[in-house]
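Participant: Given next are the chains, with one letter for each unit.
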Amino acid sequence: MGILTRASRNIARRKARALLLIVVLSLALAVITSLPPNIIANQQGNQGLIDQMLGAIQSSSERLNLTATQIDCNLGLQFLHNQGPYKNVTMMVTPFLNISDYANLTSIPEIADVIPMLLYWQPDEENFYFNFTYNGYTYRGFMYIWGIPLEASYLEKFPSVIPTTDTWTFSTKENITAGRNLEAGDRGVVVLQEFIANYFNASVGDTVNILGQNFTVVGIQGTGRYPQYFDIYMNLEDAQKITNTTGQASKLLVFADKVENVDTVENKIKEQYPERLEVTTNKAIINQALENKAEWEKNLQNTQAAVDNLKNTAIMEMGLVVVAQVAIMLFVMLYAVRERTREIGTLKAMGASNSTILGQFMLEGIILSLIAGIIGVVIGTVGASAIGNLLIPRPTDVGFEISVGGQDVAILAMTMPEFILAGLGIAVALGALGSLYPAWRAAKIRPAEAMRHE
Amino acid sequence: MNEPVLKIENLTKTFTLGKRKIQPLSNLDLEVKRGEFTAIMGPSGSGKTTLLNLIGCMDKPTDGRIVIDNMDIARLPESQLCKIRRDKIGFIFQNFNLLPYLNARENVELAMELAGKFKEQRKQRAKDLLATVGLSGREQHRPQHLSQGEQQRVAIARALANDPVLILADEPTGNLDAANKQEIVKLLADLNQKQGATILIVTHDEKVAAHTRRMLFLKDGKIIDEKQGSKSSPS
Ligand SMILES: Nc1ncnc2c1ncn2[C@@H]1O[C@H](COP(=O)(O)OP(=O)(O)OP(=O)(O)O)[C@@H](O)[C@H]1O
Ligand SMILES: [Mg+2]
Chain A
23 MGILTRASRN IARRKARALL LIVVLSLALA VITSLPPNII ANQQGNQGLI DQMLGAIQSS
83 SERLNLTATQ IDCNLGLQFL HNQGPYKNVT MMVTPFLNIS DYANLTSIPE IADVIPMLLY
143 WQPDEENFYF NFTYNGYTYR GFMYIWGIPL EASYLEKFPS VIPTTDTWTF STKENITAGR
203 NLEAGDRGVV VLQEFIANYF NASVGDTVNI LGQNFTVVGI QGTGRYPQYF DIYMNLEDAQ
263 KITNTTGQAS KLLVFADKVE NVDTVENKIK EQYPERLEVT TNKAIINQAL ENKAEWEKNL
323 QNTQAAVDNL KNTAIMEMGL VVVAQVAIML FVMLYAVRER TREIGTLKAM GASNSTILGQ
383 FMLEGIILSL IAGIIGVVIG TVGASAIGNL LIPRPTDVGF EISVGGQDVA ILAMTMPEFI
443 LAGLGIAVAL GALGSLYPAW RAAKIRPAEA MRHE
Chain B
65 MNEPVLKIEN LTKTFTLGKR KIQPLSNLDL EVKRGEFTAI MGPSGSGKTT LLNLIGCMDK
125 PTDGRIVIDN MDIARLPESQ LCKIRRDKIG FIFQNFNLLP YLNARENVEL AMELAGKFKE
185 QRKQRAKDLL ATVGLSGREQ HRPQHLSQGE QQRVAIARAL ANDPVLILAD EPTGNLDAAN
245 KQEIVKLLAD LNQKQGATIL IVTHDEKVAA HTRRMLFLKD GKIIDEKQGS KSSPS
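These protein sequence lines map, in sequence, to chains A and B.
Residue numbers for the first sequence follow my numbering, beginning at 23 and rising by one.
Residue numbers for the second sequence follow my numbering, beginning at 65 and rising by one.
Just so you know, these hints were derived from the structure itself, not from any lab.
Bear in mind the structure is a predicted one, so any value in this text is a computation, not a measurement.
Positions of the beta carbon are idealized from the N, C-alpha and C atoms, including for glycine.
There could be a bad hint or two in this list.
[Unchecked claim] Derived CB-CB ranges, DEER-like:
(1) B:F79 / A:K466: 13 to 23 Å
(2) A:L42 / B:G99: 50 to 60 Å
(3) A:W462 / B:D136: 28 to 38 Å
(4) B:Q204 / A:L342: 45 to 55 Å
Chain B on its own, in the form it takes in the complex (with noise of 0.2 Å):
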């Protein structure tokens, strides 16, 4: 019933640097099921944006298999990956990465422009998900004009906006203050225990790692701790 939205086998990066390799990940398996809220930790380094990126379509695998959705990204082109990105993934970045001349309506509306919705819904959606996140009222107003939570709320608002089966967390509140980040991950665990999204978060905080269901340890390019948080979400 609660079948895999996401499984990796055997998952090998690979960078060469002139005559040097750089191997983050080999041999890496995981599974992610439909509804989970799953935390990656480990040291700098460790190859934690590699991995999210790889999943995410946004760079290609040495070796092994990705399936996202029953689909195997590992060996598509470009012009399918984008399609992957643009449906079926929504990213969350540590710097939020708003496109700073479009307002907060906007860059959550251009995500459902890239995927050919219509502007009256596009319109109506993106004012429902920037309510969601707590920023009726803000729609007009540019990147510069928010405060860093906003941004990534925003953010947030954006990634949720083609309803993607999974939401991509790259270190979310590595930019945040103690405030910010409380708020930005209570939302998360929301989304996720409310609307049922399934979210990869990449942290290094123990405290953020705290409020997911599943704590996974990155270490010389493989998973090697599994730990499963509570149930209920700890307050």
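Chain A on its own, in the form it takes in the complex (with noise of 0.2 Å):
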């Protein structure tokens, strides 16, 4: 009858009491257990919002620089009426300006480059136009050609100059489908829209000819949608020798050596050529983009913050449980030491040290504790995501769907053994934090007056 078997019989013999202390302090140890899979799985399960919201925060800023200092420079829309197959519908097009016309715009110091862009299309030529179907329906689009000056000293400086979305002066998503978008020094080759592609029965690699000139296709740009535009992209020298446009332009993009200047040179453009030129600026996007980046900012702070939050629930939580759970070990052991105060004073009239008083008792409430360890691991590992529903409130405020709970906890539990074993360890620690107390009060009972105790 070593101090295990003294420890152990001692426990036996309170059956009840030690069933309902097992049951008890199992179901905080459940809680103790299942607490840190649900956090690391709310913030596994979280992450993914809160890298997308990462990637949108990012794109919004690489789109503010990309086009904030971006001045449109254009010779203002014609409506053209009654011309070509579409008598009736009245078209925009940009007249195309000379582009030694302007020569003189690089003369204003807050002018970092001029690049001239061609769009060119013709609504009387019967050969801009072509059928496609399009969820069962046959349309009709026209085609659009694009010469953009691909020179690597402005795709360098500002890769939005090439044209691969429909807003393509505002975007830098690329959407090629298949091969590849246009590169610095590219002559003789065209990137098609997906329709167009179809239209000439097209893939990556073919000849295809376009206004009496044969181009390779090197890339699809894909739009997943139904397109709004229907363009062919090529070298700009290319499209205005097919076009018959040489040194002409739809229009110049001005770019300003920094944003603080984006006012001054748009003011100082509408100066020297104050009689037909359209200056836009990129405010609107700049401000689009502002906003779209703040109200991301906004988001990824209210996700964070309710991902904090379910962490701090739990972090609470769990130190509610610990507190409880040593209290509860606390006050049942001092009951017992009250109870079994002749024990002790037998015990110590047998000669045990105080050591051996204090190891027994606290051996009880470790050996009670680690029952209800094994107990509580068990359902805790079981339960995960049941305590974590139950306990960690689902976030109502945060305009997003939060991860709570769930598929990932219950397989994170059961995969990680860190989560049993410091369930074991912690039930041995609290048992071992609870019972130090009472073990220490009963150690130092004076034996006489633990013979006189009734």
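Build the complex from these two chains, which are given one at a time in their own frames, with help from the hints.
Facilitator: Right, dumping it as structure tokens:
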């Protein structure tokens, strides 16, 4: 009957009490073991959402950087009526400008670059029309020919000059679904919008004939939805050649040297070319991007706050449970010490040292707690997600679906032995902690007093 | 040749209960020689239990000297006192105080285990001691399955376990019926005569005291009277 036998027999002696205590403690330990996987799973589960938001913020910032200094200069929209096959439709075109007329632009010191762009289409020429089928219906569309100056110096500084979506000046998204985008120095090659590629029955590597000239298809641009525009992208010089517009452009993209100078540049251009030139800065876009960014940053903050809140709630609950567990152990063991005062006196009369008494009572607390720990770890592991759902409130005011509990938690709890070991370790530690004071009290009882105790 | 196992000089014990002071023992002197069987008698509250507690190192004196087996224990710390209780003293209590979750043999063994004796040695000696007190075959019984007399026998075996120099029995027959009382007193007298155990017994009962060889009376904190019993054991 070593100390272990004595401790365990004492526990077995008061079965109902031990059982009740074990049930209560095991529930507490189930909570303690199941909340950390919940915290981790919640954080992992919401990391995707947070990453997405960070990505949105990042791309808003990039968009800001890329387009903030950009100023569009063109000759204004013209309305064409009753031309071509669509006689009853009003169409808008921008007239071409002579690039050399605006050579003086570069003398404005705040201007970093002037990049001519060509957008060519002819509403009255039949070969700019084509038929395509979408969702079972056949539509008629216009082809647009884009001429882009594919010079390395431009592309490096302003990658957005390669238009690859319908809102080309504003977007950095490439949407190239096959092949590649245009690159610096490309000649005799085109990127086709997918509907046009279908119309030509062309894929990457094929040759297509556009306005009498052969081009190699290097990339297909997908839209993923009903497109607003049907674009063919090529080098500016190629475009000018096939459309007989050498030296001309639809617009000039002027880039200010920095964002703060956009207004100055705008004013100077207006002063220099007051008669026809229409000048548009990207203010609206900048504002939109700023707004988007702010919006995403707010979302991110809310999400992170919600995730942190989940974590803090869980940690607070764990703290409460730990305190409750230690308190329960403390009171039960204090009661046991009182109740067994005579036994303690007897042991002392037989020569048991204070540390033997201390050890026996602590061991009893630890054994009880460890049994509860084993049961608690099983409950906590199997029921991790259920306990998480019960104890961690689903946030309602985030505006996003915050991931709480669920399958992840269960898997995490089951597959990480750390939780199980930590659960048992915590059980032992809390058992020791809770019974330390009562055991110390037991050890300190003066033997003569103990024997007088009824 | 017959040197004292216990020598008490000027022993005083004062309890303080708030403002009230109780002094059950004052300047008490006592000597017990090896092999003596001594009864201490006295009215309730006269300090008999207090005296045994002090001798048994269960409590500390307010003043005076207690020498057990040539060691002055009056000023020793608890860490030493527990060893003296373990190795030199055997306690027998009025209500037996067996550990209910251990069987008879284990109760006896526990005393030896606390003294660090080896398991096999312990087991054999526990069996022998239970045989000595007449409980052969009852080793596996837990206290609740033993009669009161039997429980006190187990307690006596336990008191003998570590070969103490002094056995202290505080009203060992107080809870027993007449027949059992007789048996237990006989057993103690036997242990004294046959094995030379030194026994100090507190009792109210003249008949019990009559079995001893020396009777002391405790009154007003002192031993006031001393009667030598007959050398031969009364029947
Ligand atoms: N720990 C204590 N604190 C205060 N007073 C005590 C304490 N122990 C004993 N006393 C008092 O000391 C006196 C002697 O008590 P003690 O138990 O020694 O008497 P006793 O002779 O054994 O009596 P009884 O025959 O009833 O057992 C009593 O008045 C008792 O109340
Ligand atoms: Mg008494």
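Participant: Work down the list of hints and note, for each, if the structure agrees.
Facilitator: Going through the hints against the structure:
no., hint, verdict
1, B:F79 / A:K466: 13 to 23 Å, "holds (19 Å)"
2, A:L42 / B:G99: 50 to 60 Å, "holds (53 Å)"
3, A:W462 / B:D136: 28 to 38 Å, "holds (29 Å)"
4, B:Q204 / A:L342: 45 to 55 Å, "holds (47 Å)"
Comparing the model with each earlier hint shows no violations; every hint is respected.
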